[in-house]
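S.K.: Sequence:
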Amino acid sequence: MTPETLIEARKIMNTFSDQDWHNINEQAEEWDKYFTFDHIAQLFKKLPHFDSEALTLALDETEPDDIDKAFFSIFISKAKWMLAKERLYQGDEYNEVYYGYCTNDPHGGSD
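In case it helps, our numbering puts the sequence shown at residues 4 to 114.
Heads up, some of the hints might be wrong.
[Stated by the list, open to error] Straight-line distance between alpha carbons at most 25 Å, and here's what the computed DSS-like set of lysine-lysine pairs gives: (1) Lys48 / Lys14; (2) Lys49 / Lys83; (3) Lys14 / Lys49; (4) Lys36 / Lys88; (5) Lys48 / Lys36; (6) Lys14 / Lys88; (7) Lys83 / Lys14; (8) Lys36 / Lys14.
Derived by calculation from the structure, the hints in this document are not laboratory data.
Generate the whole structure from the sequences, applying the supplied hints.
M.R.: Right, dumping it as structure tokens:
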């Protein structure tokens with residue numbers, strides 16, 4: 004996250020009431036029940052061309068803390084890609100409104 008996005012997140016978080024924080028914590032605790040190795044492994048096994056046997060072996064041979072770090076790294080990478088795609092979309096939307104073209108336009112906006 005950039006310093007700007009952290010500042011924006013803090014501004015939003017400062018508007019939360021005690022009840023909002025209570026609800027957020029309850030939801031996080033509920034979700035935490037589903038973040039188990041078995042549930043996450045089942046999700047990965049459903050991916051196309053995924054070697055579930057290799058995952059099972061890796062999970063059996065790896066320390067739980069290392070598995071946590073690996074899954075966390077995967078989730079952070081996915082979140083960064085999603086954020087980057089959202090920023091790209093917002094940039095294109097801005098360019099289209101103000102300049103009449105998208106940066107993804109292969110013709111560079113010249114019709």
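S.K.: Okay, which hints does this one fail, numbers in order?
M.R.: Hints 1, 3, 4 and 8 contradicted; others consistent.
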